[in-house]
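K.L.:
Residue numbers (the working numbering), protein chains in the order written: chain C, 1 to 149; chain D, 1001 to 1149; chain L, 2001 to 2085; chain V, 3001 to 3085.
Hints are computed from structural coordinates only; laboratory data are not their basis. Source: prediction; values computed, not measured. Treat the hints with care, since some could be wrong.
Stated by the list, open to error - Computed footprint of chain V on chain C; a stretch qualifies when at least three of its residues, placed anywhere within it, have a C-beta under 8 Å from a C-beta of chain V:
#	stretch
1	31-43
2	105-119
3	128-136
To be verified - Ranges of calculated distance between the beta carbons of each label pair, as one might list FRET restraints:
#	chain 1	residue 1	chain 2	residue 2	range
4	D	Arg1043	V	Lys3065	52 to 58 Å
5	L	Phe2045	D	Glu1099	23 to 29 Å
6	C	Asp22	V	Leu3056	35 to 41 Å
7	D	Arg1043	L	Ala2068	27 to 33 Å
What the hints assert, rightly or not - To give an idea of the chain C side of the interface with chain V (calculated C-beta under 8 Å), a few residues:
#	residue
8	Ser48
9	Met53
10	Ala56
Backbone N, C-alpha and C fix where the C-beta goes; we use that ideal spot for every residue, glycine too.
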Amino acid sequence: MAFLVRRPIDERALVQRVAAPDRGGIACFLGTVRNHHANREVRRLSYSAYEPMAEAECRRLLDEAASRWPAAIALEHRLGDLAIGDVAVAVVAAAAHREAAFEACRYVMDQLKHRVPIWKREHYADGTVAWVDPTGAQALNAPAEVSHG
Amino acid sequence: MAFLVRRPIDERALVQRVAAPDRGGIACFLGTVRNHHANREVRRLSYSAYEPMAEAECRRLLDEAASRWPAAIALEHRLGDLAIGDVAVAVVAAAAHREAAFEACRYVMDQLKHRVPIWKREHYADGTVAWVDPTGAQALNAPAEVSHG
Amino acid sequence: MPERIRVNVLFFASYSDLAGRESAEVIVGSPATAGDVVRQARAMFPGAERIPERPLVALNQTHSKLAAPVADGDELALLPPMAGG
Amino acid sequence: MPERIRVNVLFFASYSDLAGRESAEVIVGSPATAGDVVRQARAMFPGAERIPERPLVALNQTHSKLAAPVADGDELALLPPMAGG
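In isolation and in its complexed conformation, chain C is listed as follows (with noise of 0.2 Å):
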């Protein structure tokens, strides 16, 4: 199972996987291309990612969810060029009751942020493209302020 694709993402897909008739409560998280950040207009981005190992990170988180909560976890990452408004991650978790469903759901989405090796990469309005830096620190925003055409 890929867990990073290069179309767009089929939410609807990811649900229809997970769902089953003893599995009441369905959580989903879908996280969309936003058109600003840190006050700048963001035109497009692109995301990449250590292909192997992001896989196989993946397959680990969600390993470690399916063993905390009774729940069946499905998940998807785009890369390459996204637009504004398009969905870059959907988390699915379904589980009997909903408490477990939206912990799972959650858990995944916190844990893929800090764990899962994919990288952004913004273009601006005024032409200038940076990697995002969620840490915020300094030294790695400075190189992202070159432009790459």
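Using the hints, position chains D, L and V against chain C.
P.N.:
Here is chains D, L and V on its own, set in the frame of chain C:
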């Protein structure tokens, strides 16, 4: 805006209703009809409501959630006869950040179950019918065993 | 204010099964509370006494306490435990 | 165990921009840790010294500490702060 519907719920339409370029996080919950309840096999069920109050209470609930979190929220609950696997309720919350989206979505679902006057009648494989009482009170289960068949 | 207060009482779900009806006009003396109306409604129909003595109620489509005063023309709904979602 | 350990070092995202490449073979004396390989990699290319001294690393596709020992043929990835989702 009607929160109660008597047709299949289109969760994608709800997502479209709240999605916006400045809202990057979309949390959803789908409640589907389970095939078991309290160890009994469920064949189908029907939802009914105190409709004008349920509509008003949904409106109050969403206004309340929108005042607590910077989120746009959509909600639909289906009434009438539903089959196993059908979506009975959908809540979608969109916000700039995922925390607000998750929390608003979960709050609305939790409150909906406690506040919105909707009732569920389950039809079991053995031909009996019961009103579902989530509080598990004995006095309320008794009449529920009466067959409406 | 009239001496007698007419309240439109609504029964839902299992309470409707117990009372054998979906609504009833209940007349109580003034002043009266929602609880007074419930007490009278439970005594009016065979089976309705199996409705809990202190059910959840909504007065004019808003959740209410049993101690809330009722007025002529009010709508009082007796709500079994809710099971949406 | 060979006296010299060859490690395939991978640079991603902003670190790749800084190092001007996506990978490099780094040779260190045995025994060595992931941290030793990072130190050498930062010194090998102009610009690479702007990679943090203690970056996140993955050893053979698993998150690792800098104190972890490396072996000949290992793959060590230098990971900028992740930004998925």
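K.L.:
Could you check the structure against the hints above and give me the numbers of any it violates, in ascending order?
P.N.:
1, 5 and 7
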